[in-house]
Amino acid sequence: NAGVTQTPKFRVLKTGQSMTLLCAQDMNHEYMYWYRQDPGMGLRLIHYSVGEGTTAKGEVPDGYNVSRLKKQNFLLGLESAAPSQTSVYFCASSSVARFYNQPQHFGDGTRLSIL
Amino acid sequence: DAKTTQPTSMDCAEGRAANLPCNHSTISGNEYVYWYRQIHSQGPQYIIHGLKNNETNEMASLIITEDRKSSTLILPHATLRDTAVYYCIVHDAGGTSYGKLTFGQGTILTVHP
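The listed protein sequences derive, respectively, from chains A and B. To convert, take the position in the first sequence, counting from 1, and add 4; that gives this note's numbering. To convert, take the position in the second sequence, counting from 1, and add 821; that gives this note's numbering.
FYI, nobody ran anything at the bench for these hints, they're computed from the structure. Quick caveat: nothing in here was measured; it's all calculated off a predicted structure. For every residue, glycine included, the Cβ atom is placed at its ideal position computed from N, Cα and C. It is possible that part of the hints are untrue.
Stated by the list, open to error - The calculated label-pair distances, taken between Cβ atoms and stated as ranges, are:
| no. | chain 1 | residue 1 | chain 2 | residue 2 | range |
| --- | --- | --- | --- | --- | --- |
| 1 | B | Ala-838 | A | Val-16 | 20 to 30 Å |
| 2 | B | His-933 | A | Ser-84 | 41 to 51 Å |
| 3 | B | Thr-900 | A | Pro-43 | 37 to 47 Å |
| 4 | B | Lys-873 | A | Asp-66 | 33 to 43 Å |
| 5 | B | Thr-931 | A | Glu-56 | 41 to 51 Å |
| 6 | B | Leu-901 | A | Ser-71 | 37 to 47 Å |
| 7 | B | Ile-929 | A | Val-64 | 17 to 27 Å |
| 8 | A | Ser-117 | B | Gln-863 | 15 to 25 Å |
| 9 | B | Ser-862 | A | Leu-73 | 26 to 36 Å |
| 10 | A | Pro-43 | B | Thr-826 | 18 to 28 Å |
| 11 | B | Pro-828 | A | Gly-67 | 30 to 40 Å |
| 12 | B | Asn-844 | A | Pro-43 | 20 to 30 Å |
| 13 | B | Pro-897 | A | Leu-119 | 26 to 36 Å |
| 14 | A | Asp-42 | B | Thr-931 | 14 to 24 Å |
With the sequences and hints as input, model every part of the structure.
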């Protein structure tokens, strides 16, 4: 069972470089999310998507862009990386239920260091 | 979503029950209580959720007080692999929330041999 797969698992960038983090889910989930987690803190929502072709801002969206061209994939882009974006990035997905929101399934994270 | 308050850390002996409390005094009628945990370096893992009735699954039990202002997650027989950060999240089940979760600091549970 693959579930939610994130690539790459580790990456080191220099300030000003760009990169894209890929999240893929094989559960046919409608909703997908990108979070970041800094040391000693809980997860904070960056962007989310409620369906193919739609995205929305979360709590900390500045400096990031996202795209959801296919239902199973959610991409997180850093156009010009900054040291403040050094973090662990988690992707999650969930299905839609009528009366309550289904639990989120998380990937194992991408550890990103920006020098 | 309503805010939650959890102890920063707790200890538990292996094989004993671990009872993790959570206060959510401002919870509203359509908000569910969710529990997730995060084992070191891994993504968060869903444990259980409930609205007002007590819930049990293969991982844990969730006890919600009658006034819904607090809850307790119970791991009936804690093992060393249960050492993790446990997050209590109160979440609006309404359609416009789109499943977005707000994570606090959580409780660091350490299970000792």
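Results of checking the hints against the structure:
1. Range check, B:Ala-838 to A:Val-16: about 43 Å between beta-carbon atoms, so the 20 to 30 Å window is missed.
2. Distance hint check for B:His-933 and A:Ser-84: the Cβ-Cβ separation is about 46 Å, which falls inside the suggested range of 41 to 51 Å.
3. Checked against the hint of 37 to 47 Å, the C-beta distance between B:Thr-900 and A:Pro-43 comes to roughly 26 Å, which is inconsistent with it.
4. The hinted window of 33 to 43 Å between B:Lys-873 and A:Asp-66 holds, with their beta carbons roughly 38 Å apart.
5. A beta carbon spacing of about 42 Å between B:Thr-931 and A:Glu-56 agrees with the range 41 to 51 Å that was offered as a hint.
6. For the hinted restraint 37 to 47 Å between B:Leu-901 and A:Ser-71, the CB-CB distance of approximately 41 Å keeps it satisfied.
7. The beta-carbon spacing between B:Ile-929 and A:Val-64, approximately 23 Å, falls within the hinted interval of 17 to 27 Å.
8. The beta-carbon spacing between A:Ser-117 and B:Gln-863, approximately 19 Å, falls within the hinted interval of 15 to 25 Å.
9. A C-beta distance of roughly 30 Å is found between B:Ser-862 and A:Leu-73, which places it inside the suggested range of 26 to 36 Å.
10. Look at A:Pro-43 against B:Thr-826: about 22 Å separates their beta carbons, and that is inside 18 to 28 Å.
11. Evaluation of the 30 to 40 Å hint for B:Pro-828 and A:Gly-67 yields a pass: the beta carbon distance comes to about 34 Å.
12. Between B:Asn-844 and A:Pro-43 the beta carbon distance is about 25 Å. The supplied range of 20 to 30 Å therefore holds.
13. At about 46 Å, the beta-carbon gap between B:Pro-897 and A:Leu-119 misses the expected band of 26 to 36 Å.
14. The beta-carbon spacing between A:Asp-42 and B:Thr-931, approximately 22 Å, falls within the hinted interval of 14 to 24 Å.
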